[in-house]
Amino acid sequence: KQEVTQIPAALSVPEGENLVLNCSFTDSAIYNLQWFRQDPGKGLTSLLLIQSSQREQTSGRLNASLDKSSGRSTLYIAASQPGDSATYLCAAGLISNFGNEKLTFGTGTRLTIIP
Amino acid sequence: DAGVIQSPRHEVTEMGQEVTLRCKPISGHNSLFWYRQTMMRGLELLIYFNNNVPIDDSGMPEDRFSAKMPNASFSTLKIQPSEPRDSAVYFCASSFTGELFFGEGSRLTVL
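Chains A and B, in that order, are what the protein sequence lines are. In terms of our numbering, the first sequence opens at residue 1 and continues consecutively. In terms of our numbering, the second sequence opens at residue 1001 and continues consecutively.
Heads up, a few of these hints could be off.
Claimed, not checked - A partial selection of chain B residues facing chain A, derived with a Cβ cut-off under 8 Å:
{"id": "1", "residue": "1042"}
{"id": "2", "residue": "1046"}
{"id": "3", "residue": "1061"}
{"id": "4", "residue": "1062"}
{"id": "5", "residue": "1063"}
{"id": "6", "residue": "1096"}
{"id": "7", "residue": "1100"}
Simulated from the structure, these hints should not be mistaken for laboratory data. Keep in mind it's a predicted model, so treat the numbers as computed, not measured. Even glycine gets a Cβ: it sits at the ideal position worked out from N, Cα and C.
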């Protein structure tokens, strides 16, 4: 059974700093890995999707890396801004016994950027 | 596109009542997912549809839960009878290429 862990559960950093969020997963036979952002009272917004054959994806100030062999992914946020404050969740995708892609979510890291 | 639309946004009901949650996926998406989010268990997949057909319902907690997708633009998740432990935020998500797009959720409180 796939387990996804995100440490720390909460993180506060001053505005302007670069930061890294960590995600680890137990089953390296993943199909893909996705990073999401969730604002309070809202749904999840997809940030980056890394296919199993890729090592990283970039979007603006965000860069996500994937190391399947070690079961780890990181989300790098450059030049953090107060608007980046949210909960960030990673999800590891496996192919289920039914043939569909099944995402297992971590419990998230709650990020606060201090102005 | 308006994104994934869920209703109601909030539902408060009493134990034993029937609850129906609704979802309109993004037009053109062929996969639809129902998730449940709680503080204790995080996000859990309840059921997955592909081309309106239920493919994986292994996450449905028990027979009190049922889900339907009568057409490509509508799905329901029904709980009957509801119990206090069903209190959670229920999310619907749709996908075409593997990237998930979530609705804003239905917050259910069962008293």
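Verification of the hints:
1. 1042: Cβ of residue 1042 of chain B sits 5 Å from chain A, so the hint holds.
2. 1046: violated, 12 Å
3. 1061: violated, 16 Å
4. 1062: It is violated, given that the least Cβ distance between residue 1062 of chain B and chain A is near 19 Å, above 8 Å.
5. 1063: Residue 1063 of chain B check fails; min Cβ-Cβ to chain A is 19 Å, beyond 8 Å.
6. 1096: Cβ of residue 1096 of chain B sits 12 Å from chain A, so the hint is violated.
7. 1100: holds, 6 Å
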